[in-house]
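These protein sequence lines are chains A and B, in that order.
Its first residue numbered 1, the first sequence is counted upward by one per residue in the working numbering.
Its first residue numbered 1, the second sequence is counted upward by one per residue in the working numbering.
Hints may be right or wrong, so weigh each one.
[Stated by the list, open to error] Straight-line distance between alpha carbons at most 25 Å, and here's what the computed DMTMM-like set of lysine to aspartate or glutamate pairs gives:
{"hint": "1", "chain 1": "B", "residue 1": "305", "chain 2": "A", "residue 2": "198"}
{"hint": "2", "chain 1": "A", "residue 1": "242", "chain 2": "A", "residue 2": "102"}
{"hint": "3", "chain 1": "A", "residue 1": "520", "chain 2": "B", "residue 2": "252"}
{"hint": "4", "chain 1": "B", "residue 1": "179", "chain 2": "A", "residue 2": "595"}
{"hint": "5", "chain 1": "A", "residue 1": "597", "chain 2": "B", "residue 2": "278"}
{"hint": "6", "chain 1": "A", "residue 1": "404", "chain 2": "B", "residue 2": "78"}
{"hint": "7", "chain 1": "A", "residue 1": "406", "chain 2": "B", "residue 2": "78"}
{"hint": "8", "chain 1": "A", "residue 1": "343", "chain 2": "B", "residue 2": "109"}
{"hint": "9", "chain 1": "B", "residue 1": "304", "chain 2": "A", "residue 2": "545"}
{"hint": "10", "chain 1": "B", "residue 1": "306", "chain 2": "A", "residue 2": "480"}
{"hint": "11", "chain 1": "A", "residue 1": "520", "chain 2": "B", "residue 2": "78"}
{"hint": "12", "chain 1": "B", "residue 1": "204", "chain 2": "A", "residue 2": "463"}
{"hint": "13", "chain 1": "A", "residue 1": "197", "chain 2": "A", "residue 2": "257"}
{"hint": "14", "chain 1": "B", "residue 1": "305", "chain 2": "A", "residue 2": "257"}
{"hint": "15", "chain 1": "B", "residue 1": "305", "chain 2": "A", "residue 2": "339"}
{"hint": "16", "chain 1": "B", "residue 1": "215", "chain 2": "B", "residue 2": "192"}
{"hint": "17", "chain 1": "A", "residue 1": "213", "chain 2": "A", "residue 2": "192"}
{"hint": "18", "chain 1": "A", "residue 1": "343", "chain 2": "B", "residue 2": "303"}
{"hint": "19", "chain 1": "A", "residue 1": "406", "chain 2": "B", "residue 2": "303"}
{"hint": "20", "chain 1": "A", "residue 1": "530", "chain 2": "A", "residue 2": "403"}
{"hint": "21", "chain 1": "B", "residue 1": "306", "chain 2": "A", "residue 2": "496"}
{"hint": "22", "chain 1": "B", "residue 1": "279", "chain 2": "A", "residue 2": "257"}
{"hint": "23", "chain 1": "B", "residue 1": "306", "chain 2": "A", "residue 2": "268"}
{"hint": "24", "chain 1": "A", "residue 1": "597", "chain 2": "B", "residue 2": "252"}
[As the list claims (entries may be wrong)] Stretches of chain A that chain B covers, calculated by requiring three or more beta carbons in the stretch to come under 8 Å of a beta carbon on chain B:
{"hint": "25", "segment": "104-111"}
{"hint": "26", "segment": "357-368"}
[What the hints assert, rightly or not] Per the computed footprint, the stretches of chain A lying under chain B, defined by three or more beta-carbons under 8 Å from a beta-carbon of chain B, are:
{"hint": "27", "segment": "192-204"}
{"hint": "28", "segment": "332-339"}
{"hint": "29", "segment": "611-625"}
Honestly, the hints are just simulated from the structure, not real lab data.
We put the CB at the ideal spot given by N, CA and C, even for glycine.
Listed below, chain by chain, are the residues.
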Amino acid sequence: MNRAIFFFLITFSFLSASETIKDDPLLSMPGIYTSYKVLRQKFYTELRILKKKAKENNQYFVSQEEDLLKKQYELNPLFLFYLWQRTSPPYRSLLPMAIEDECYFLSLIENRSLGDKITRNDFLIIDEVDGEGGIKPLYLSLQQYLAIRYKSKCYANHESKERSKLENISYFFQQNFHIPQSPKDCHALFQEWHQRKETPYLCRYNSILQKAKKFSSKQSSQNSTKKTIIRTAQTIQEKIDKKNLHHLENFCSHLHDEKKFCQLYLDESYWNQVLIGEGAISPMKNRCHLLLQSKQEIKKEDLKKCKDLMIQSPHLCTHLFLPYRLSLMPSPDCQMTSESLNKSKMTHLPQDCPMKSPYPNLISSSRIISYFSPKAEQQKKGDCQYNNLSSLYHLLEKNRQLEKWKHQFCYFDAIEKEEKCLRYIPGNSNDDPASETRTLEKVLSKMGLLAKGSSCQKINRLDYNPLLLRYKRGCFLLEEQAPCLKGYCPSTLILDAIEINTVKMNYGHDYSFTSFGTNKEERSLFHLIKTSLKLNARSIFNVTDLSNFLQENEKKLKKKMAIMTLCIEDVLPSFFPKKSFNQCTPENILISAIEQKEGQFFATVNFSVDDVYTPRTIEWNFLYQGMINYQQIHPSNQQVFYAIEQ
Amino acid sequence: MPLNNNRISSPFLLSFFIFSLPLCSLFSQEKLKKLLTKQQANKIRYLSSDGEFTYYQGHNGNLVLASNYETKEIIKGDQNHQYFITEESSFVSAQKNSSKKILLEIIPDFYTNSHALKNHQIHTLILGESLSTPLGEGIRGQIHLKGRYISYYRPSEKKIILHDSASNKKEYSIQLQNKINAYFTPSIVIPENNYLFYTDLNEKNQMGLLLFNLKDGKINPVYKTTISGKKIEICLLNNLLILGEFPLPGVDSDSSIFSLDIEKEKDFSLLKKIYHSEKADTGNLQCNSNLKEFYFIQNQSSEKKKSYELVRYDLQEEKVINLTNFEYTTNYFIMDGLVLVPFRQDYYIARGSYETKDISFSNKKK
Chain A
1 MNRAIFFFLI
11 TFSFLSASET
21 IKDDPLLSMP
31 GIYTSYKVLR
41 QKFYTELRIL
51 KKKAKENNQY
61 FVSQEEDLLK
71 KQYELNPLFL
81 FYLWQRTSPP
91 YRSLLPMAIE
101 DECYFLSLIE
111 NRSLGDKITR
121 NDFLIIDEVD
131 GEGGIKPLYL
141 SLQQYLAIRY
151 KSKCYANHES
161 KERSKLENIS
171 YFFQQNFHIP
181 QSPKDCHALF
191 QEWHQRKETP
201 YLCRYNSILQ
211 KAKKFSSKQS
221 SQNSTKKTII
231 RTAQTIQEKI
241 DKKNLHHLEN
251 FCSHLHDEKK
261 FCQLYLDESY
271 WNQVLIGEGA
281 ISPMKNRCHL
291 LLQSKQEIKK
301 EDLKKCKDLM
311 IQSPHLCTHL
321 FLPYRLSLMP
331 SPDCQMTSES
341 LNKSKMTHLP
351 QDCPMKSPYP
361 NLISSSRIIS
371 YFSPKAEQQK
381 KGDCQYNNLS
391 SLYHLLEKNR
401 QLEKWKHQFC
411 YFDAIEKEEK
421 CLRYIPGNSN
431 DDPASETRTL
441 EKVLSKMGLL
451 AKGSSCQKIN
461 RLDYNPLLLR
471 YKRGCFLLEE
481 QAPCLKGYCP
491 STLILDAIEI
501 NTVKMNYGHD
511 YSFTSFGTNK
521 EERSLFHLIK
531 TSLKLNARSI
541 FNVTDLSNFL
551 QENEKKLKKK
561 MAIMTLCIED
571 VLPSFFPKKS
581 FNQCTPENIL
591 ISAIEQKEGQ
601 FFATVNFSVD
611 DVYTPRTIEW
621 NFLYQGMINY
631 QQIHPSNQQV
641 FYAIEQ
Chain B
1 MPLNNNRISS
11 PFLLSFFIFS
21 LPLCSLFSQE
31 KLKKLLTKQQ
41 ANKIRYLSSD
51 GEFTYYQGHN
61 GNLVLASNYE
71 TKEIIKGDQN
81 HQYFITEESS
91 FVSAQKNSSK
101 KILLEIIPDF
111 YTNSHALKNH
121 QIHTLILGES
131 LSTPLGEGIR
141 GQIHLKGRYI
151 SYYRPSEKKI
161 ILHDSASNKK
171 EYSIQLQNKI
181 NAYFTPSIVI
191 PENNYLFYTD
201 LNEKNQMGLL
211 LFNLKDGKIN
221 PVYKTTISGK
231 KIEICLLNNL
241 LILGEFPLPG
251 VDSDSSIFSL
261 DIEKEKDFSL
271 LKKIYHSEKA
281 DTGNLQCNSN
291 LKEFYFIQNQ
301 SSEKKKSYEL
311 VRYDLQEEKV
321 INLTNFEYTT
331 NYFIMDGLVL
341 VPFRQDYYIA
351 RGSYETKDIS
361 FSNKKK
């Protein structure tokens with residue numbers, strides 16, 4: 001062993017030079033590269049001879065305990081040189097510690113950190129040194145070698161291995177890892193982890209994952225070794241929490257580069273928070289699909305590429321969602337969006353598209369319900385239009401308050417000889433019988449027009465081509481490309497290529513968010529939400545009150561937000577200018593956070609004209625002006641500004 | 001002529017502005033006259049500058065005309081109704097109140113079901129009269145050429161509807177090309193009987209100015225913004241077309257205002273830049289032919305503080321002059337020659353004078 005390390009030290013400088021030789025300007029000089037090639041060829045020829053000889057010697061290898069104790073077993077220097085050559089830069093950075101600590105060196109060998117680029121690295125060439133100094137190279141399995149070495153030393157390695165086991169990783173991270181908050185903090189964490197005895201064991205998981213990624217991306221046939229690696233990688237992914245996997249990957253890939261390791265934690269953009277597993281992925285995924293023009297599932301590598309794009313060219317976010325924008329356009333740029341998303345509490349909600357159901361009262365109510373609902377219920381399975389209103393519909397249904405819900409399919413019931421109507425939730429969801437297409441199927445089968453088991457599909461009118469065979473039969477609800485500005489999305493019903501006019505489609509609602517005039521508070525959506533979800537609500541009096549409310553108990557992660565009704569003309573005057581006395585378009589906004597900068601307060605706000613993943617940061621005085629103006633025109637001078645929490 | 005006439009950016013004014021902010025706010029609010037009316041300001045929907053006519057929304061949701069201490073109900077409504085009244089944006093003083101056309105927008109289901117692009121019921125009225133004439137459904141109604149034309153926009157169909165009251169109530173319909181941005185609403189001006197200018201969007205969300213010939217229905221694009229996400233606002237100062245190009249929120253770009261004498265020149269490459277700012281102004285450009293000036297909301301934010309103020313551009317002096325000092329001026333509108341700025345619960349008179357004639361008392365004395 002000592003002999004090997006000694007050889008290693010001597011060759012270290014040469015090796016470093018040889019590894020970087022290809023990038024050297026000297027290479028362009030005649031003769032240099034040729035010499036390197038000759039040297040390389042010579043090396044590999046010698047290695048082949050050594051390997052052959054070692055394999056031949058194996059037949060003389062005796063594994064009896066008493067014989068093993070009589071001899072010394074060391075890594076062959078030439079083979080060590082080969083391993084070093086096939087070691088990636090992050091693991092090379094661990095070698096100084098290996099030189100000082102033999103047990104650490106063994107842990108690198110054990111975890112294939114040395115020679116991590118070799119696919120089949122389960123065998124080693126070992127020199128057997130007898131009592132008289134005679135050297136015999138042997139071709140031993142890694143297990144055989146480690147059994148010999150660990151027989152009488154390095155017991156601590158067993159403990160490190162135990163601590164790094166898949167089932168203990170969660171606890172290990174909990175005890176030893178935190179997200180660095182400052183460059184100093186990050187430097188300390190990096191140094192601490194770099195020195196850890198567990199590092200080679202932990203990084204072994206990352207090596208397997210990286211290899212598996214490479215193998216599974218290649219279409220070529222996979223041998224049993226590759227298949228084993230892919231299977232192991234799957235187990236690792238199942239057993240290690242995603243967040244911890246992110247941290248592990250970042251650490252193990254940047255063992256040699258502290259700056260890059262810290263970059264991930266000190267970059268506070270929302271996009272980066274997603275990459276380190278701290279932010280919800282959906283707001284980023286949606287944007288990246290459009291930015292990268294990808295129709296396939298967005299992978300982690302795509303997210304990294306997308307993050308770089310958004311940081312380099314923030315303007316790209318302003319005009320996403322083309323060819324048709326389903327909310328206010330332009331959106332804030334990527335940087336502004338990132339800052340707002342970092343503070344928004346709506347990032348876990350499902351994607352919505354307000355333009356397809358442009359009812360501020362219903363959109364904001366639905367978002368409040370989704371936010372205060374358990375996490376499982378937040379994840380709806382439907383399209384964005386379905387996500388707009390489904391939470392509210394089900395709450396109204398549960399409380400038997402659907403009478404003001406005007407979205408209905410009406411038909412003439414031939415048996416009862418009267419018109420019957422069924423309410424529905426606009427949008428598609430295969431799992432919800434109240435969704436638009438499922439309700440339509442019910443209506444058509446009651447009319448005897450649709451066979452049992454047949455289904456309807458809602459598609460864009462532009463996609464419908466009656467000449468194609470797949471549209472010749474079946475039920476299609478054709479949605480016009482135009483937005484649903486009248487309060488509904490105009491649709492045409494086609495059954496077996498014939499337009500059906502006997503099903504009447506009604507739209508709209510009569511719900512108010514809060515009370516007005518003689519309309520009692522008990523009949524408002526806000527009252528229903530408060531009582532059904534058992535929320536505590538109180539009026540907010542000023543910005544300090546709002547700030548205190550949103551900041552108190554912040555660490556306890558208590559669900560809370562503020563809601564306000566205001567005139568949109570006062571808050572977004574560039575989009576909605578005022579032209580007359582007391583002109584106002586009511587808008588309900590949800591406030592996630594407020595912070596003070598240079599004496600001014602800025603609130604993170606979700607408007608119902610924007611999709612839920614596009615919050616805006618608005619100066620408090622604009623919000624206040626909008627709220628006051630709404631209060632001014634309200635029949636009972638009511639100010640709608642509440643703090644709500646669960 | 002200097003391009004940047006933004007006086008507030010001069011070092012002296014800037015330092016004055018920064019160091020005396022609290023004082024300035026108080027001073028400006030004192031300096032700007034608060035609009036004091038007989039009727040509660042929050043009920044008013046239209047007010048003539050001499051106080052003779054006030055349209056207001058009653059407690060029961062009806063629209064009422066108050067004049068000479070008499071009230072007349074114009075529209076019977078309920079508390080779920082809302083009304084907005086506008087008049088010809090480019091004020092012409094010669095037009096007497098007695099024959100002045102105003103535009104009424106009625107919004108039913110205001111508290112239950114209203115949104116930024118919901119169609120309103122549009123009616124016309126002669127100022128002082130109580131009978132309204134229904135015209136159609138749309139938003140952003142505008143009166144042009146002393147009431148000869150009335151335009152409004154129908155977002156659901158993306159159409160500009162234009163009523164010609166002179167030629168046997170002829171109706172024009174202009175289909176917008178905008179296919180990508182539902183919240184876009186066009187800006188419209190009619191300089192003379194034969195043609196109108198309006199704004200539209202292309203597939204890259206770039207706004208353009210188009211000329212529509214009322215005689216043959218032909219459309220010609222005349223101007224386009226340099227980048228997408230900028231809005232064009234237009235208004236008329238007699239023969240002068242004022243064109244503002246302002247970035248919408250979220251777009252990091254500069255603001256410019258141009259002018260063109262459209263009586264003499266139709267070539268928009270000859271647009272003259274009369275104002276430029278590196279900042280994103282709010283805009284909301286409106287012209288006042290009577291005073292030969294136009295107004296817009298200017299972004300006067302510094303690195304440390306956000307600030308927006310109403311300014312006027314004086315064409316004769318070729319300079320921008322602050323009209324407010326509220327820091328958060330978001331909107332203003334022109335009503336019967338008064339430039340009114342809503343701030344907190346009040347309205348402030350930025351230009352013009354409001355002098356009530358107590359007609360009823362003088363009549364009674366006589």
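Results for each hint:
no.: 1; hint: B:305 x A:198; in the structure: violated, 51 Å
no.: 2; hint: A:242 x A:102; in the structure: violated, 33 Å
no.: 3; hint: A:520 x B:252; in the structure: violated, 45 Å
no.: 4; hint: B:179 x A:595; in the structure: violated, 38 Å
no.: 5; hint: A:597 x B:278; in the structure: holds, 23 Å
no.: 6; hint: A:404 x B:78; in the structure: holds, 18 Å
no.: 7; hint: A:406 x B:78; in the structure: holds, 21 Å
no.: 8; hint: A:343 x B:109; in the structure: violated, 34 Å
no.: 9; hint: B:304 x A:545; in the structure: holds, 24 Å
no.: 10; hint: B:306 x A:480; in the structure: violated, 42 Å
no.: 11; hint: A:520 x B:78; in the structure: holds, 15 Å
no.: 12; hint: B:204 x A:463; in the structure: holds, 22 Å
no.: 13; hint: A:197 x A:257; in the structure: holds, 19 Å
no.: 14; hint: B:305 x A:257; in the structure: violated, 40 Å
no.: 15; hint: B:305 x A:339; in the structure: holds, 18 Å
no.: 16; hint: B:215 x B:192; in the structure: holds, 12 Å
no.: 17; hint: A:213 x A:192; in the structure: violated, 28 Å
no.: 18; hint: A:343 x B:303; in the structure: holds, 22 Å
no.: 19; hint: A:406 x B:303; in the structure: violated, 49 Å
no.: 20; hint: A:530 x A:403; in the structure: holds, 19 Å
no.: 21; hint: B:306 x A:496; in the structure: violated, 60 Å
no.: 22; hint: B:279 x A:257; in the structure: violated, 41 Å
no.: 23; hint: B:306 x A:268; in the structure: holds, 24 Å
no.: 24; hint: A:597 x B:252; in the structure: holds, 21 Å
no.: 25; hint: 104-111; in the structure: violated (count 0)
no.: 26; hint: 357-368; in the structure: holds (count 4)
no.: 27; hint: 192-204; in the structure: violated (count 0)
no.: 28; hint: 332-339; in the structure: holds (count 3)
no.: 29; hint: 611-625; in the structure: holds (count 5)
Checked against the numbered hints listed earlier, the structure breaks hints 1, 2, 3, 4, 8, 10, 14, 17, 19, 21, 22, 25 and 27; every other hint is satisfied.
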